[in-house]
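Just so we're on the same page, the working numbering is the position in the sequence shown counted from 1, plus 448.
Careful, some of the hints might be misleading.
[Claimed, not checked] Pair by pair, the computed Cβ-Cβ distance ranges are: (1) L661 <-> G562: 47 to 55 Å; (2) S824 <-> S473: 14 to 22 Å; (3) G694 <-> Q480: 30 to 38 Å; (4) Q826 <-> E510: 36 to 44 Å.
[As the list claims (entries may be wrong)] For lysine-lysine, the following BS3-like pairs were computed, each having C-alpha atoms within a straight-line distance of at most 25 Å: (5) K556 <-> K585; (6) K609 <-> K482; (7) K598 <-> K461; (8) K598 <-> K609; (9) K528 <-> K585; (10) K482 <-> K461; (11) K461 <-> K609; (12) K482 <-> K556; (13) K528 <-> K609; (14) K598 <-> K619; (15) K556 <-> K528; (16) K585 <-> K609; (17) K461 <-> K610; (18) K493 <-> K461; (19) K598 <-> K482; (20) K609 <-> K619; (21) K619 <-> K482; (22) K585 <-> K461.
None of these hints come from the bench; they were simulated from the model.
The beta carbon of each residue, even a glycine, is placed where N, CA and C say it ideally should be.
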Amino acid sequence: ASGDGLSALDAAKAFGAVVQVYPDSWVIEGLQGKPRVPENCIDTKNSGTTTCFFTSVAALVENGYTVITGDEQIRHRPIKVLVDALTALGVTAFLTRIEGSAPPVVVKGPLRGGEVLIQGFNSQYVSSLLLSAPLSKTSVSLSVENALEKPYVQMTLDWMKKFGVSVSNPKDYTAFFIQGGQQYQAGTFTIPADWSAVAFPLVAAAITKSNLLLTGLDFADSQGDKRVVQIMQDMGCQLLVDSQNGTIRVTGGRPLTGGLIIDMSDIPDALPALMVFATQASGTTIFTNLAHVRLKETDRVLEMQQKLTYLGCNVRLQEEALIVEGPTEIQSKEVSSSFDHRIAMALFCAGLCAENGLIINDVECASVSFPHFFESFQACGAQFDIQEAMH
């Protein structure tokens, strides 16, 4: 499991869920919508999703306070929008730093219900409220301004339906009505492949003249990041898609062509991988609607622009759009991931393309979202060495 998945599992345990872990499955015995007071602070490590989702879970605990925190990056990621929304729904919720906007956060239920307006530039806020709202005392009417990352919200709605709870979504992700007092139903489910992780082997194969077969993909899933496949095809990448059998065969080495304007509103996690891909395409590729991408583990817009420029690529930021001119050779230098898992994986792909490789520091964070990332690439023939940092 990924670091994010393990963080969520630990948080579920902290609220009293009974968990059995097997090699290919997890069995979780729930609490019928009544989580217990955690015995200690909950450390979500580097997982923004876990931080947001379990902040609303904490709103269901009525007989005590929950403290949620994470690593240094999490403690700088804004969560005040979600805290304010919970407060509007009757929850006691506040940040430990009076002038701050990020965790640690303190929460105590009950979640009474009511009407609330929330900014939707981060879908994790919306999904967090949606997941807990069916367990509120009364109904919840949720209005969303600036609704971005809509596929993630749709994925939340799809999973809620599988678990037997209903949400009315009458206005295209800008208005939701959730009846309180519902109950999630247990079941057996298969987790689909993570399309935001799939982007990295796709890009790596495409820019290194490789032939790679990816299996176990679900093309019917509502994840927005599967749009990466269409973007890469539009830029000339040879991808043979078999949606019935859930496979993609990538044949690298074909000339890639820019010329696209790519709207990142719904696929922010794909930016690092697509930027590396664009450096190897002839012409101009423009990435737009990036404000929310600056609010991830790092400011990925600035970080990727600076790192790729340092590596000899032609990348500039102009009026809140990223402009990549290609193709360019990636220079062999030493660069840091800035402890951001998606940047680490994107730089790894760039290193495979660089004639003499790259030295990338702080790559261990890749496991946050892609378990066995390096083992998977090694199995496909990628040449690299991992060395322990000297302290």
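Which numbered hints turn out to be false for this structure? 4, 7, 13, 19, 21
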